[in-house]
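Make the full structure from the sequences, and use the hints.
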Amino acid sequence: MNKTLTLSPITRIEGHLAVKVEVEDNRVARAFVSGEMFRGFEQILRGRDPQDAQHITQRICGVCSVEHGVASVLAQEMAFGAEPPANGRLVRNLIQAANFIMSHIAHFYLLSAVDFVDVEAVSGYQGKDQGLRELQAWVKSQLASKLVSPIAPLLPRYAAKYLQDPDANFTALRHYLDAFEFRSLATKMGAVFAGKLPHAATLVAGGVTERVTALKITQYKSFLAQLQSFIEQAYLPDVVAVARSFPEYFSVGQGCGNFLCYGVFPESGDNQAKVFPAGVLIGEKLGQLAPDAVTEDVAQSWFSSATGLRPMDGETTPAPTKGGAYSWLKAPRYNGQVMEVGPLARMLVSYHDGRNPALKTAVDGLLKALDKPFKDLVSAMGRHAARALECKLIAERCGEWLNQLAPDSPTCRECTVPESARGFGLTEAARGALGHWIEIRGRKIRNYQCVVPTTWNCSPRDDRGIPGAVEQALVGLPITDAENPIEVARIVRSFDPCLACAVH
Amino acid sequence: MKRNELTGSVDRRAFLKISVRLSALMGLSTCSIPRVAEALAEMTQGNATVLWLQGQSCSGCSISLLSGETPTPVKLITQYISLAFHQTLSTATGHVAVETLNKSIAQGGYILAVEGAVPAGMPRACLNGEETFPDQLMRAARNAKAVLAVGSCAAFGGVPAAEHNPTGAISVPKFLASAGIQTPKILIPGCPAHPDWLLGTVVHVLKFGLPPLDAAGRPKAFYSKLIHDQCPRFADYEREKFARTFGEEGCLFKLGCLGPITHADCTVRHWNGGVNTCINAGAPCIGCAGEQFVARTNFPLLPKDLKVAARDHE
Numbered sequence: 001m002n003k004t005l006t007l008s009p010i011t012r013i014e015g016h017l018a019v020k021v022e023v024e025d026n027r028v029a030r031a032f033v034s035g036e037m038f039r040g041f042e043q044i045l046r047g048r049d050p051q052d053a054q055h056i057t058q059r060i061c062g063v064c065s066v067e068h069g070v071a072s073v074l075a076q077e078m079a080f081g082a083e084p085p086a087n088g089r090l091v092r093n094l095i096q097a098a099n100f101i102m103s104h105i106a107h108f109y110l111l112s113a114v115d116f117v118d119v120e121a122v123s124g125y126q127g128k129d130q131g132l133r134e135l136q137a138w139v140k141s142q143l144a145s146k147l148v149s150p151i152a153p154l155l156p157r158y159a160a161k162y163l164q165d166p167d168a169n170f171t172a173l174r175h176y177l178d179a180f181e182f183r184s185l186a187t188k189m190g191a192v193f194a195g196k197l198p199h200a201a202t203l204v205a206g207g208v209t210e211r212v213t214a215l216k217i218t219q220y221k222s223f224l225a226q227l228q229s230f231i232e233q234a235y236l237p238d239v240v241a242v243a244r245s246f247p248e249y250f251s252v253g254q255g256c257g258n259f260l261c262y263g264v265f266p267e268s269g270d271n272q273a274k275v276f277p278a279g280v281l282i283g284e285k286l287g288q289l290a291p292d293a294v295t296e297d298v299a300q301s302w303f304s305s306a307t308g309l310r311p312m313d314g315e316t317t318p319a320p321t322k323g324g325a326y327s328w329l330k331a332p333r334y335n336g337q338v339m340e341v342g343p344l345a346r347m348l349v350s351y352h353d354g355r356n357p358a359l360k361t362a363v364d365g366l367l368k369a370l371d372k373p374f375k376d377l378v379s380a381m382g383r384h385a386a387r388a389l390e391c392k393l394i395a396e397r398c399g400e401w402l403n404q405l406a407p408d409s410p411t412c413r414e415c416t417v418p419e420s421a422r423g424f425g426l427t428e429a430a431r432g433a434l435g436h437w438i439e440i441r442g443r444k445i446r447n448y449q450c451v452v453p454t455t456w457n458c459s460p461r462d463d464r465g466i467p468g469a470v471e472q473a474l475v476g477l478p479i480t481d482a483e484n485p486i487e488v489a490r491i492v493r494s495f496d497p498c499l500a501c502a503v504h
Numbered sequence: 001m002k003r004n005e006l007t008g009s010v011d012r013r014a015f016l017k018i019s020v021r022l023s024a025l026m027g028l029s030t031c032s033i034p035r036v037a038e039a040l041a042e043m044t045q046g047n048a049t050v051l052w053l054q055g056q057s058c059s060g061c062s063i064s065l066l067s068g069e070t071p072t073p074v075k076l077i078t079q080y081i082s083l084a085f086h087q088t089l090s091t092a093t094g095h096v097a098v099e100t101l102n103k104s105i106a107q108g109g110y111i112l113a114v115e116g117a118v119p120a121g122m123p124r125a126c127l128n129g130e131e132t133f134p135d136q137l138m139r140a141a142r143n144a145k146a147v148l149a150v151g152s153c154a155a156f157g158g159v160p161a162a163e164h165n166p167t168g169a170i171s172v173p174k175f176l177a178s179a180g181i182q183t184p185k186i187l188i189p190g191c192p193a194h195p196d197w198l199l200g201t202v203v204h205v206l207k208f209g210l211p212p213l214d215a216a217g218r219p220k221a222f223y224s225k226l227i228h229d230q231c232p233r234f235a236d237y238e239r240e241k242f243a244r245t246f247g248e249e250g251c252l253f254k255l256g257c258l259g260p261i262t263h264a265d266c267t268v269r270h271w272n273g274g275v276n277t278c279i280n281a282g283a284p285c286i287g288c289a290g291e292q293f294v295a296r297t298n299f300p301l302l303p304k305d306l307k308v309a310a311r312d313h314e
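Here the protein sequences come in this chain order: A and B. All residue numbers for the first sequence refer to my numbering, where the first residue is 1 and numbers rise by one. All residue numbers for the second sequence refer to my numbering, where the first residue is 1 and numbers rise by one.
It is worth saying that the hints were derived from the structure and are not from the lab. All figures in this text were calculated on a predicted structure; none of them were measured in a lab. Some hints could be false.
[Said to hold, decoys possible] Only pairs whose alpha carbons sit at most 25 angstroms apart, straight line, appear in this in silico PhoX-like list of lysine-lysine:
#  : chain 1 : residue 1 : chain 2 : residue 2
1  : B       : K75       : A       : K146
2  : A       : K140      : B       : K103
3  : A       : K392      : A       : K368
4  : B       : K254      : A       : K444
5  : B       : K145      : A       : K146
6  : A       : K392      : A       : K221
7  : A       : K128      : B       : K75
8  : A       : K146      : B       : K207
9  : A       : K20       : B       : K103
10 : A       : K161      : A       : K140
11 : A       : K140      : B       : K75
Put into structure tokens, the structure is as follows:
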């Protein structure tokens, strides 16, 4: 097969994404990933009160809202010379962790699992589970109806080889239904301290507006306990079951092999010690993070602004008909290198960093359950595994933070906006490294730039023509059926793309 | 009620009877009965088709809807509507997704939910493959029974349409009006929209037709009162007990709360299954359901002197 396939839209991700692959001899020879939606947040932020930034930037994305809010208040705090009290830091960790858990559960079940699990298998269900019986009755009545799209949104789908084992299908489908409830439960847990989700109300420079009370700690704890059972008894085992049934996905979708992590969940006031430390992994070599090494190219992006700028001096001038361009994403590079970000990057950086022995033990345990060597983690299936394991580790950490909270002690310190200053906030979203850069003049925002996880992963080619991380991960992928290129969708979804974030 | 034993469906006469009863209960005039009957029949058969399109959006309203509890998302999809297409949930990918969407549009008669603003000044700022979002929206809205503008971006323009925006973004109703499309529109602002506001409206449309709307086109059931008038800190306001810093007791007015100019029921409804709401969490209302939310650079989200800001705002 020699053919160009265009998958547009890629559904079950956040936002507007199109992928074009050129197939030669049944394998992807070249891939082009296009972000298709632009709003211009960076222009809209100019001239505004810096303290509005965490509210406005959360609206970049309804999935990763909390993380944008955190990146923004970190950038403001650097610019203002402010630091939250311990309660403020812990509460932020708890809100951000809830959002990670929400996002990871939603990503596996709602977005990815239906690429592997066979929804139609429910027709053969003979057990007594009420949820599955109801699903079965619905499927039957839909098939008998005259609807244009029966069983939507679960059908139609690509014709492909789905999970064969009926029992594994039933279990995963039961958990698919449960996942809606547990995703929702995670937002409740976050809202205990966020006021509401998505778009947390309580994040401010200097801390959070919500207070810490014994009742709030208990509320959070009870949601956490339920989520922990779901993660341990459903999410992780389901990922292992899918992984064991699709072992071929451990040897495709490897990508660029470079990993970047800004670090997340500070364990100390100075923002230095973090649960997932910052680091840069190029080849097998772990290096220290140098924020100045980040630049953004726009040669093949729909922008006419200068290329290769550092975010602090970044510009965003749209040019929707620019020749040779094919995406609304800029192409971020670290010392000129393509980087992958996300749960796998965090896991590999932490593993090599070695300061968290519990993480190392957990990763080794997971690899044993999967019966796979360490190197296989760098793959499409490895990303799912890393995400699920991370979800468990973060939930465990939440329990510790709850114990450290001091009820009725301050959660916020007052701060003042300086006449002029610069700052940046580096954190991690569920999908990877997230940075906000702010420049203040006359107490107003003069420039604001965001470099977002999916900007890294779904980046187009840079000024030198080097493809982005997902584009590289698709090269070499075998395609069985040009009409049903599910392999491409599976690789792309393993990165958990978020396009509203990526372009903003 | 007489049921057809084979299909389990309710016959038309039985429907008319329930419809009359429901209409009386709802205080609807009798001329609404045929519409009510039609909608009820659709609901029982579970085939009220809903198409969900995303323009310049963050998916936050979709995510918010997933936190709905009455009904839950699974019940909504399997018992109330046929969600023919949704970018974030549909299994259909690529050309399969495009075909699914086009088949529904060709058949018509669906409820069209739109999330996000419309890049009227730069149509290529939102693409769906070869088609721009403005073109797709026009195509889908023409054949729809009603259009729900979900969230502040769709309803009023929101962040994408804020001052200095480079894409000429406008709200869905403004765009449809400029394109001469007459389909009835309902606005469900909020950033994000509360799941109850959306579910309550969808069920109302299916069961009883268009809900009573205010002058701006919002369902009166959710948007008729000011946040301030139902605020748990209203007594503090009356006694002039004002919080001066975040985390302090008292009315948040002096910290810039926009409750006094924002129409929504968050303070009584609460968010995320009732666990919290912005003002209870010490966060001043930023007016995210208001028409002017983030519209102007010189109107901060947390104006420290609301009277000055509100005057400036007018």
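The hints, checked one at a time:
| no. | hint | verdict |
| --- | --- | --- |
| 1 | B/K75 <-> A/K146 | 20 angstroms, holds |
| 2 | A/K140 <-> B/K103 | 21 angstroms, holds |
| 3 | A/K392 <-> A/K368 | 17 angstroms, holds |
| 4 | B/K254 <-> A/K444 | 20 angstroms, holds |
| 5 | B/K145 <-> A/K146 | 19 angstroms, holds |
| 6 | A/K392 <-> A/K221 | 15 angstroms, holds |
| 7 | A/K128 <-> B/K75 | 19 angstroms, holds |
| 8 | A/K146 <-> B/K207 | 21 angstroms, holds |
| 9 | A/K20 <-> B/K103 | 24 angstroms, holds |
| 10 | A/K161 <-> A/K140 | 22 angstroms, holds |
| 11 | A/K140 <-> B/K75 | 16 angstroms, holds |
In this structure, every one of the numbered hints holds.
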